[in-house]
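Engineer: All chains should be built: construct the whole structure from the sequences, respecting the hints.
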Amino acid sequence: MPTIRFLLADGAELAVEAQNGRTLMETALESSVPGIIAECNGSAACATCHVVLPEEIMVALGPISEHENDMLDFAEAPRESGSRLSCQVRVSDMLDNVSVRIPSA
Amino acid sequence: MPHDIDHLVAARPGNESSIVIVGAGQAGLSTAEKLRANGFVGSITLVGEEPDAPYQRPPLSKAYLLGELERARLKLKAEDWYARNRIALRLGTRVASIDRARRRVCLADGAILAYDCLVLATGAIARKLPQAISRGLAGIFTIRTLADIDALRPALEKRGKLLVIGGGYIGLEIAAVARGLGMTVDVVEAAERPLARVASAETAASVEALHRSRGVTFHVGKAVSELLGADRVAGARLGDGTIIAADVVVAGIGGMPETALAAGAGLAIDNGIAVDAYGRSDDPFIWAAGDCANFSLSGGGLRMESVGNAIDSADLVARNIMGARQPYRPKPWFWSDQFDLKLQIAGLSRPGDTVVVRQGAGPGRSHWYYREGRLVAVDGLNAPRDYLVGKRFLAASASPDPVLVADPMQALEAPANN
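In the order they appear, the protein sequences are chains L and U. Just so we're aligned: 95 in the UniProt record's numbering is position 95 of the first sequence, and the numbers increase by one with no gaps anywhere. Just so we're aligned: 370 in the UniProt record's numbering is position 370 of the second sequence, and the numbers increase by one with no gaps anywhere.
No lab work stands behind these hints: they were computed from the structure. C-beta: ideal position from N, C-alpha, C; glycine also.
Pairwise CB distance ranges, derived in the manner of DEER restraints:
id, chain 1, residue 1, chain 2, residue 2, range
1, U, Q359, L, P78, 24 to 34 Å
2, U, E70, L, I57, 17 to 27 Å
3, U, A88, L, M58, 36 to 46 Å
Not everything, but these chain L residues come out facing chain U in the computed CB check (under 7 Å):
id, residue
4, E39
5, C40
6, A45
Structural biologist: Shown next, in the form of structure tokens:
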């Protein structure tokens, strides 16, 4: 089980055991990670599960859909190069010990 | 009695206080979560009638029914979350009555829970077909709970014939899933068009055209007189005599706020549990949130059935229980997934609003609604960018020039986020 390190907007870190195959959003919700609201339950319709991932992980995860790309441009916190909607990112061993930052709005 | 106690102000709950939340859906769970986030340290009991721990409801009629999302992933919280947050979860438990004088709820299993503060998050229930139409036949389903979908799923078979009664969001989402599974699909809608009560004519026309292009047959302006069949449903007879063959029927004829418990306790009911702008009912110790709550706001009553409203109103009630005294400022938004269409709606449009169409270069388009010159709502149809820009305008109470909106070559400058 990979461990996801959520870096909260206030600077605190919350390490969460995650299950492969689930999404980062589901992992965050299960543990009440502050800042992940996920109003659309993972349908990429609301952009309230915005996270920022390290560059090398972005490359490894591959291209993002046009829809997600458009949503990210208007997420509440400004988009960064590592921005993703966490509902569109599946947990895998690749994310073990990776820092997932919650941007401050 | 309600008015006699109006002057009483329920004290901010302390360490020894007990809060009971009735309803373990999104609103009930969010209330519990936000009470803890706002520093409430007393006891919280979350009572749910369904056997399942709180789960995501929207995917039921979409990804879960399609088999793309496994059951375990619907759960909103990990199993140990409840214990870690000291939230007592009582599932499969119906609340029989509220004893307001002694401030306690009586459960159907005989147990009694005392409360200092009670939150009703009882949600909405699916309207059922009248017995004269359904005739007690097997093969008729309504859509609301996980159990409803688990019952429906095995009945959806390739080459089967599905009849959807009611062309609202639930009905159309089920229709799209069933077409995707290779079923024949008929939709009967009593109004002159699908989505008649819940979307503009322009948006409804786009959605209907999509369904028709994917092989869904519509029977609009028609009502079902009776369902046919001996034991299992075999079809339907419409008011004009049309016979439609069907081996599965889904009734998507709307939801009703679940108010029985509140009404039994003598609370004010008006299209839901009547609450003030703070989420409090006419009993100062009882609050309501989510689908069941009708908020009295300056513009009139507002009751919405959506996840956004469940989360936001629960957050409001939790903060107000803790003494915040903030009125509800709803930010209505909705979405629906049908075939490859993602429909996103911000704001509340009404018949009579002026509609401005923004046709994208690709398949996407958006509909912008103006009332007395002010933007009141935006529908994005595979147009997330337009939807989000529109949402920013609505949040800023600003209105883009309709001439710019109508010209897709003109970029729309979104107001800064605030």
